[in-house]
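Based on the hints, put chain B in the right spot on chain A.
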Amino acid sequence: MDISPILNGFGVVLEPSNLLYCLIGVIIGMLIGVLPGLGPGATIAILLPITYGIGPVSAIIMLAGIFYGAQYGGTITSVLLRLPGEASSVVTVFDGFALARQGKAGTALGIAAIGSFIGGTVSIVGLTVLAPVVAGFALDFGPPEYAALGVLGVLLISSVGNGNKLKAIIAACVGLLIATVGRDTFTGAERFTFDSLNLAEGIDFIPIAMGLFGLSEILYNLEERHNQVHAPAKVGNVWPSRQDLRQSGGAIGRGSLIGFVLGVLPGGGAVLSSLAAYAFEKRRAKQPERFGKGAVEGVAAPETANNAAATSSFIPLLTLGIPANATMALMFGALLIQGIQPGPQLVTEHPDVFWGVINSMYIGNILLLIMSIPMVGVFVKILRVRPAILAPITVLITLLGAYTVNNNVYDIFLVIAFGLLGYLMKKFGFEPGPLVLAFVLGSMIENSSRQALLIFGGNPTGFFTRPISGTVLALVVIVAFLPLIRKAVRRKTPAPVDVPVDAPVEEKTS
Amino acid sequence: MPTSRTTSRRLLTGVVGAAAALALTACGGVKTTSSGGGDGKYPTGNIEFSVGASAGGSTDLITRALAQGMSKELGVSAPVLNKPGANGALNAKELQAAKPDGYKIALQNASLFTITPLTVSPAEATKIDSFDVITGVSRDDYVMATNAQSGFKSIEDMKKAGKTIRYGTTGVGTGAQLASALTFKTAGVEATAVPFDGGAPALTALLGNQVDVSTMQIGEAVENIKAGKLVPLAVFSDKRIPYLPDVKTAKEQGFDVLVTQYRFLTAPKGTPEDVKARLLEAAKKTFATPEYKKFNEENSLTPMEVSPQEVLSSLQKDTATYKEQLSKYGISLAG
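In order, the protein sequences belong to chains A and B.
Under UniProt numbering, the first residue of the first sequence carries the number 1, and numbering increases by one thereafter.
Under UniProt numbering, the first residue of the second sequence carries the number 1, and numbering increases by one thereafter.
There may be inaccurate statements among the hints.
[Said to hold, decoys possible] Straight-line Cα separation of at most 20 angstroms, SDA-like style, residue types lysine to any residue; simulated pairs: (1) B/Lys93 - A/Asp184; (2) B/Lys93 - B/Ala125; (3) B/Lys229 - A/Gln345; (4) B/Lys229 - A/Val174; (5) B/Lys323 - B/Ser237; (6) B/Lys185 - A/Leu454; (7) B/Lys93 - A/Asn198; (8) B/Lys127 - A/Tyr410; (9) B/Lys127 - A/Asp195; (10) B/Lys229 - A/Phe456; (11) B/Lys284 - B/Leu74; (12) B/Lys93 - A/Gly462; (13) B/Lys163 - A/Phe456; (14) B/Lys163 - A/Asp184; (15) B/Lys163 - A/Gly462; (16) B/Lys127 - A/Leu197; (17) B/Lys99 - A/Phe456; (18) B/Lys127 - A/Ala200; (19) B/Lys229 - A/Leu139.
[As the list claims (entries may be wrong)] The calculated label-pair distances, taken between Cβ atoms and stated as ranges, are: (20) A/Leu20 - B/Pro303: 52 to 58 angstroms; (21) A/Pro392 - B/Lys269: 55 to 61 angstroms; (22) B/Pro303 - A/Ile468: 43 to 49 angstroms.
Read the hints as simulated data drawn from the structure, not as lab findings.
A virtual CB, placed ideally from N, CA and C, is assigned to each residue, including glycine.
Bound conformation, chain A alone (with noise of 0.2 angstroms):
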């Protein structure tokens, strides 16, 4: 294996602009992730519109920051708080909580980012190594096999997910929908734009995402505001023990790879995975009846998880081009913008931005790690800003963005309405999530199969018989499947995690 475009990588990466990228992103990350209601997603979504101004390489890797230092962030208002920032840190709150108040706040805390350190580097370094044989076989990736893949995107993100799957689908429908406005690149007719300048070039993605994701957001959590703030622990000895540290290496250990396994695959993300490492621990402990009531492992393993989940989440997306959850396509969202197509010709053709923010993440969960601990006071206390006055701020901050874009003002006025359709999903248990994919999606998914009927004179057989389009349409096939075949499982198997009713376990955006 060639390693110096990896180094190359690291060049990038300490570039001190670079770096600055990298410490605001884990900064706003570990700032979002205290606070509760405003996920990674929609402050990235927000976010869009600054990225534009700034290089791909700095843009994704600030993104990205963003996203796994949420992760961090979620610990510290678990613990302390008994209020999960992330719904990834909601099961978190069963054992971290415990040990508050036995005055091991501190003791938590540090075995979350200690955790949480090594389950992100693990699943870095698997990335590191398993991105290059993807891109080994990138030029034998086609129209028809992007084609299958966007397919199995759609389909994987509507099927896999939380919630209703039927919903769901339709949600992905009306994305799909969405994306075949503007003019047809094959004929050049205009398709849907009801003879509008705007319409012409097809809806924009970032009035959709900050829409969706960032004004719905805060709409939907102006109205459901009745957290009630608890008095924060105190925070003690931050320094496990070496007992805790013995107790919690196996759990570390084992979060990490199910956070990596689970981050791969498409729809797993960070929640999923820290409530199957929560469940594992519990079930594989001499005492499980010590889980609940202050269990070191009941802390490190799901913390470390969601790390490495988010973390490895990035390998469908860097290298096939498919996102493996809500966040996900966003950056996928903001990659285009930058004229970038994520995919297996990624690493070849812009090594720089792939190496880039993959180095970026070592040094990204370097600095979480030194700023877990001495920030949990002020991030505690960023929680007192009441939403009344937050939310006008944010909404104010995300119209402004989205004019700044293209400088048009009708972009404003989709970016509310996008927030309005947002806000009615959620209300009627529609996530925007598969819509935001489709959408992303959607024109790959119609110009790559038009080009591949046109590659295979109008044979469609052609998408079966090739070996990697095969396989992937068989996938689809699989999945497509999938919810009956765990229906069948889980009669025989009861539900392994004993989750509160109440707890927020929605899959948002993270």
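Chain B alone, transformed into the frame defined by chain A:
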């Protein structure tokens, strides 16, 4: 809770400050331009260059190189705004509607005026009479190439292959599509067009053997030609291209196909003469700088720094030729 009050207030100040800073930066992008033109003091504000293509493509790169040079010559800043869509038609429509004061100008592609009208309804076609041409800029010629593994060495070889040739183009209504369609028709080769969204995917599809042959801009293909991965079959210019001196023109090979892409600087119709003169002077000074010359070479661009009249007559001539050839061979460019 008095303590938390103060904290929240302090934080609030910070956040509002940040928001204000953001608002200020946002305003920086739309700095008001004075109603210039005619008073001899042009330019007094920013000159906005708009690009009808996304960032990173050749139109974008040339605009940026030109804007940088002209900004220095004119002593004002020259922000470049990307307004991609419909092969540049969207940007052209906006420029057409802009005030003719010399503060909003754009580089445009010949193909938008010579080829696109052949694929869309007359109402949608962009017309050159809606603009004032300031100067010609450069030519960006097309090359047809095949993957070295295909075994084709010439256009004649494809005819002998006895199968339908699939060719990649850079999109519907582009010179790449027109040049290929005309060549295959005149050579009597059975062929189907596979349109891609620009040169990069067309090149990738060719390198991956997804298509048999692709026509692209020279700058997009030249590296792979030099590396021996691609075999060039023809260029479509009048004379051979200095960047690929060994590649025969289509004409040399007996096919009457002449398709060129060139770019020129335009302003909205009715821009005052003195403003146009000032812009032309700045453009000429930019063309003469070593940086700009080097830029042309690095991107395989051939200077075409000609007068507006020459640009207009080229556009007229090309449109007529293409139209005649398409109807003669019964080719439709729309899919």
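Handout entry: Violated constraints from the hint list, given by number and in increasing order
Key = 4, 8, 10, 12, 14, 17, 20, 21
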